[in-house]
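Trainee: This is what each chain is made of:
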Amino acid sequence: MSVATTAESESLANSKIPVLAARDLYCERDDRVLFQHLNFELNAGQVLQIQGSNGSGKTTLLRILCGLNDGYQGSIFWQGVEVTEQAEQFYADLLYIGHRVGVSKVLTPLENLRWSSTLQQRVDDAVIYQALCDVGLRGFEESQCFTLSAGQQQRVSLARLLISPARLWILDEPFTTLDTTGVDLLERLLQQHADKGGAVLVTTHHSLQVPDLQRLSLG
Amino acid sequence: MSVATTAESESLANSKIPVLAARDLYCERDDRVLFQHLNFELNAGQVLQIQGSNGSGKTTLLRILCGLNDGYQGSIFWQGVEVTEQAEQFYADLLYIGHRVGVSKVLTPLENLRWSSTLQQRVDDAVIYQALCDVGLRGFEESQCFTLSAGQQQRVSLARLLISPARLWILDEPFTTLDTTGVDLLERLLQQHADKGGAVLVTTHHSLQVPDLQRLSLG
Amino acid sequence: MWLWFSKLGSPKWFYELSGKWLPWLIAVMSLLLIIGIVWALLFVPPDYQQGNTIRIMYIHVPFASISLAFFPLMAVAGTITLVWRMKLADMVAKTAAPLGAWFTALALISGSIWGSDIWGTWWIWDGRLTSMLLQFFLLIGVISLRSALEDTEAASKACAVLSIVGCINVFVIKFSVDWWNTLHQPAGSFSLADDAPNPPEVWVPLVVMILAIYCFFAVSLILATRNEILVRERRAQWVEDLACNS
Amino acid sequence: MFENVQFSSLSDFFAMGGYAFNVWSVYLLFVVFFAINLAVPVIRKKQILREQKRRLVLAQESRVRRETGNDTVL
Amino acid sequence: MSAVTTTTGAAFIATLRRDLLIAYKKKHDVVNPFMFFLIVATLFPIGISPEPERLGEIAAGVLWIAALLAAMLSMDSLYRSDFEDGSLEQLLLSPHPLYFMVLAKNIAHWLVSGLPVVLVSPLIAYMLNLPDEAYLAVFLTLLIGTPVLSLLGSIGVALTVGLGSRGLILAVITLPMSVPVLIAGTMAVQQTLNGAPLLGYLAILGALLLGSLALAPLASAAALRITVN
Amino acid sequence: MSAVTTTTGAAFIATLRRDLLIAYKKKHDVVNPFMFFLIVATLFPIGISPEPERLGEIAAGVLWIAALLAAMLSMDSLYRSDFEDGSLEQLLLSPHPLYFMVLAKNIAHWLVSGLPVVLVSPLIAYMLNLPDEAYLAVFLTLLIGTPVLSLLGSIGVALTVGLGSRGLILAVITLPMSVPVLIAGTMAVQQTLNGAPLLGYLAILGALLLGSLALAPLASAAALRITVN
Ligand code: HEM
Ligand SMILES: Nc1ncnc2c1ncn2[C@@H]1O[C@H](COP(=O)(O)OP(=O)(O)OP(=O)(O)O)[C@@H](O)[C@H]1O
Ligand SMILES: Nc1ncnc2c1ncn2[C@@H]1O[C@H](COP(=O)(O)OP(=O)(O)OP(=O)(O)O)[C@@H](O)[C@H]1O
Ligand SMILES: [Mg+2]
Ligand SMILES: [Mg+2]
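Chains as they are written, first to last, in the working numbering: chain A, 1 to 219; chain B, 1 to 219; chain C, 1 to 246; chain D, 1 to 74; chain E, 1 to 229; chain F, 1 to 229.
Simulated from the structure, these hints should not be mistaken for lab results. Glycine residues also receive a C-beta, built at the ideal position from the N, C-alpha and C atoms. You may find that some hints are simply not true.
To give an idea of the interface, some chain C residues facing chain D are shown, with a C-beta separation under 8 angstroms as derived from the structure [claimed, not checked]:
#1 Ser-10
#2 Ser-30
#3 Leu-242
Mimicking DSSO-like on lysine-lysine, the simulated pairs with C-alpha atoms at most 27 angstroms apart in a straight line are [unchecked claim]:
#4 C:Lys-12 <-> D:Lys-53
#5 F:Lys-27 <-> A:Lys-105
#6 E:Lys-27 <-> B:Lys-105
#7 E:Lys-25 <-> D:Lys-46
#8 A:Lys-196 <-> A:Lys-16
#9 E:Lys-25 <-> D:Lys-45
#10 F:Lys-25 <-> A:Lys-196
#11 E:Lys-27 <-> D:Lys-45
Kindly generate the complete structure, drawing on both the sequences and the hints.
Mentor: Take a look at the structure:
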């Protein structure tokens, strides 16, 4: 149930210290132990896929790592230091996309991305237009999001991957509702991010086509 | 853009008349034509997968066929007769599972299935227990559904496939959030239903492993 | 560390300790109650104005005064829940809310029965009464919030926040409502310090009854909390053993 | 001590100087509340332990069934 | 393999039971309407005047207005969760007339949220110093009037079911619709205070009730078909 | 590749602007609170008495109660859609103090739903025949009082954000808390009618406002962290 990854990325000086590490995590819900003694390290340049059957606790684990859920025991380290001690730096470098993608339905994709980028690092509208075009939403930049289909809304959130400066991506089933070109696109994005020295934690039931993929199985 | 299927199922006497047929469907949303001159026939014993990229109108088509969306032109036939003329028989034989699966969060899986079965055909609790067991929810029969994970909630709706008497299944992306055993299970269910002379209309971006699969591409 | 302490140590420890103390507490309570009630019903002289209705005081005042303790109690328990994540504190808070609602309701009802004679009406919109009623509403709000939030963990913390906010509010409300309109007996008219207008044969039994009702409160709270422990710790080995041996 | 009793007879006591309804209803209410508040937790405790026991027995049975392999999982 | 469907009666009962079951699980849905009623009624002595005589004058109106608001606000929960989890779509796709399914949901909802308000109204009436002669009138008019409010509210809810936060828009749509009920109710109380017989007003309210029982679920059903779209 | 984050000020402004933009797009969020206010105020002449003198006596209280209810009900929209679409999670995960983000949302919300009610209040006051001397008092107390109501309401909303239909539970939680504001507001009006200086009461309301500005967003932020969990 635990994985110690050793592959290292050369693109970063501090690659010896894992970007994200968990020590001895324990979580139970409704008296069922979801995981215990869970240890893992995620280094710069790595993509780690969390696997497990339905109800095995993947979503719970991701939310715990992000600090959205505190019903756990154990410690989580961000670049060697406990997350709770440096929440601000951690959140400045984190991008989380959950089951609910964080795209307001009344706003347009453009307005959504403007706001979410300002929370971390403001970018020009031109960059946003480019990102929306890259995820295949050209022509929908100014439509309100409730008129978009399920997959198109998911794509709006993928555009955030293109404009965020965050090094750590935590993605919960980002492939649902994407069509095959969308899946290819996302796999390419994950790959590129890892190549640039970023780190990715992703859950999916789909078999990821990413070189050097690390896996962690739950349940 | 149109598909005329010819394969026939022997298990039914009335198999000459297609179970469901669409003639010259036309739909536009926000001034974009989603489909036009769309014709298809679905015979007993067939599984028809609707394909198309994100935003191509799959969900819209399914909701039109079910009568949940009336922003279209053209006609839809149920066993040769227009659906609007025999809504009651049509609905008695239809099982639709959409993006929102129709599982109340406060009720338990058992209570949910009791109610939804009573809308069509009441079944014994024993049958429901067995169905829940078959979809891998043994032990969760009496937990409130909000405590279930995304995939487990999806599985509750799959249990309806096991207990409903409906001949026509219309399923909108039923594979999202299912793990691999769930995917296998659902494929087997589709297969069995077709073998028994039922008909299935399904959208998914996943490549379905069902023999004799028919395909219809949108967009 | 704290987490471990609160998770494993506390509830069991409390369950065992309270199990030892309960009989004594119940004994003290019964003794005080019997003395208090007999005294109040038989020996207290009738009031020169109110006559025998004065005997209602021995129920009303203890209930009214202890009702005011609930929000501070829940706020303290809530703080402990939020800061040290002590499960036990939350169990106490959870059982205290409905108990508080009952105690408050009894203070209201006994007061209004008293008032039906003294004031000639069962209810007036006086400051004390209104603030008591609002406190009752706040307690119902806490109970309602707990039942509405499905996740136990979230419910306990949300109720902790609400109790802390509510505790501040109870004081603000009490102040503002008193300022708005007050007819009711001023606080302290039966206080121990100021015994001039009231002879000891009136206030001593009152003190006995107040102590008795405090004990009763403690007993009820402990009993309910013990049940809550059994429910929430039902997977713990010691509870399973307890169930098997019962 | 008994000379301090404020009532000369039992019926006097019950009459409460004309305030019988008020006084006795408050005391009755108190007694009822008191009894309920002690009885309910005690009954509830028994119930909890009974349910707990039943649950343990059920769990035991299903464990046995799973080990003997009589379980149908599709 | 032909589908043998249940009778509409069975589906009606199943839906009624299901909604009562949900209410039983979410106890706060039962408690809150009448707590709201109590609290709103409390605001008037505080905001207007605690003097018994002045309160008595406004008591009947306050009771009716508080009941009206409680009824409107409790409607919010009527189809919301069903819409969000997709159960409403399943209801639309059932082979039974939607009229009865909607009626079942409305009845369950009134039993759970309207009836407690009616039952607690005499208590509030006392606290607001309502004149003794008016008690029966207030109680009976509320008893007949609140189901009408629920049925009318149901139309408003059905029209707004897809909206995220609709507490207010719902009130804005349905409060004007319910003004006739308010008028009939408060007039009845006023006139009984002046010595007129209560029965005539009750008959009017009863007629409103029958009319809305027959028509409102139709309108709600139609509205649901449109908004779930 | 190290993240250069925006300042908290910029994030504050961005959040404020975003919420105003959303309100601008969903125009009904702006219109409804004051429509509700208008309608509720209209119910009183209907339910209680249309006579000008009697209305004048209760006008100040009615205005305040209607404003209180409008404020409570409009809160429902505060975090709901953000919770449902996941934006709230994003806010919790932003590197900026949640206090300021919550404050920005509260301010935007008051501007959109509280301010219009205050601005329209003189009109309703006229319709309810409020005595002339009381206009200024009503207007000013509402102006200072409604933000307090919003801030208090925000705590209630934050506590119930995950609930499907929370209109009522919200009211049950927050209405009792807002009684002090109601008392200060209506007392101020009453006393100015009796010739007392307004300033003292405004100072009390101002103190309530400052206190709740400092503390309420803290409580809301804590509550959000808990309920989004
Ligand atoms: C529904 C009606 C009533 C309510 C809600 C009510 C509430 C209260 C409260 C909250 C207290 C405060 C207890 C404390 O500070 O320790 C109190 C005390 C008291 N009440 Fe009442 N009361 C009501 C009716 C009455 C009536 C009718 C009387 C008799 C005339 C009365 C006499 C007293 C006395 C003598 C005290 C003790 C005051 C003191 O020593 O501080 N109350 N009541
Ligand atoms: N409520 C709406 N108003 C206007 N346009 C809409 C609305 N809902 C959907 N559309 C448009 O209809 C098109 C088809 O949407 P639909 O949901 O049917 O797509 P889909 O094929 O199911 O896509 P996906 O694979 O992403 O689920 C989209 O381009 C969308 O912009
Ligand atoms: N709110 C909750 N209360 C109690 N238990 C819960 C709650 N949410 C989830 N659980 C339980 O936690 C377990 C893990 O849920 P989680 O959502 O993390 O699963 P998952 O691995 O993401 O599954 P899926 O592949 O279906 O998304 C489930 O078995 C579920 O029963
Ligand atoms: Mg998941
Ligand atoms: Mg779709």
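Trainee: Taking only the CA atoms, is the gap from Lys-12 (chain C) to Lys-53 (chain D) under or equal to 27 angstroms?
Mentor: At roughly 19 angstroms apart (the allowed maximum being 27 angstroms), Lys-53 (chain D) and Lys-12 (chain C) satisfy the hint.
Trainee: Quick check on the hint: Leu-242 (chain C) CB to chain D CB, less than 8 angstroms?
Mentor: Since the shortest Cβ distance to chain D is 7 angstroms, the answer is holds.
Trainee: Given the proposed pairing of Lys-27 (chain F) with Lys-105 (chain A), does the C-alpha separation stay at or below 27 angstroms?
Mentor: 15 angstroms, holds
Trainee: Holds or violated: Lys-25 (chain F) with Lys-196 (chain A), Cα cutoff 27 angstroms?
Mentor: Given pair Lys-25 (chain F), Lys-196 (chain A) is violated - Cα atoms ~39 angstroms apart, limit 27 angstroms.
Trainee: Minimum Cβ distance from Ser-10 (chain C) to chain D below 8 angstroms?
Mentor: 19 angstroms, violated
Trainee: Within 27 angstroms, alpha carbon to alpha carbon, are Lys-25 (chain E) and Lys-46 (chain D)?
Mentor: Judged against 27 angstroms, a Cα distance of about 23 angstroms means the pair holds.
Trainee: Taking 27 angstroms as the top limit, are the C-alpha atoms of Lys-27 (chain E) and Lys-45 (chain D) close enough?
Mentor: 22 angstroms, holds
Trainee: Under 8 angstroms, Cβ to Cβ, is where Ser-30 (chain C) needs to be relative to chain D, so tell me if that hint holds or is violated.
Mentor: 11 angstroms, violated
Trainee: Against the 27 angstroms threshold, does the CA-CA distance of Lys-196 (chain A) and Lys-16 (chain A) hold or violate the hint?
Mentor: Satisfied, since the Cα-Cα distance of roughly 16 angstroms is no more than 27 angstroms.
Trainee: Is the hinted pair Lys-27 (chain E) and Lys-105 (chain B) satisfied, with a Cα-Cα distance of at most 27 angstroms?
Mentor: Distance ~15 angstroms between Lys-27 (chain E) and Lys-105 (chain B) Cα, so the pair holds.
Trainee: CA of Lys-25 (chain E) to CA of Lys-45 (chain D), is that 27 angstroms or under?
Mentor: With Cα atoms ~22 angstroms apart, Lys-25 (chain E) and Lys-45 (chain D) stay inside 27 angstroms; holds.
Going down the numbered hints, you'll see the structure goes against 1, 2, 10, while the others check out.
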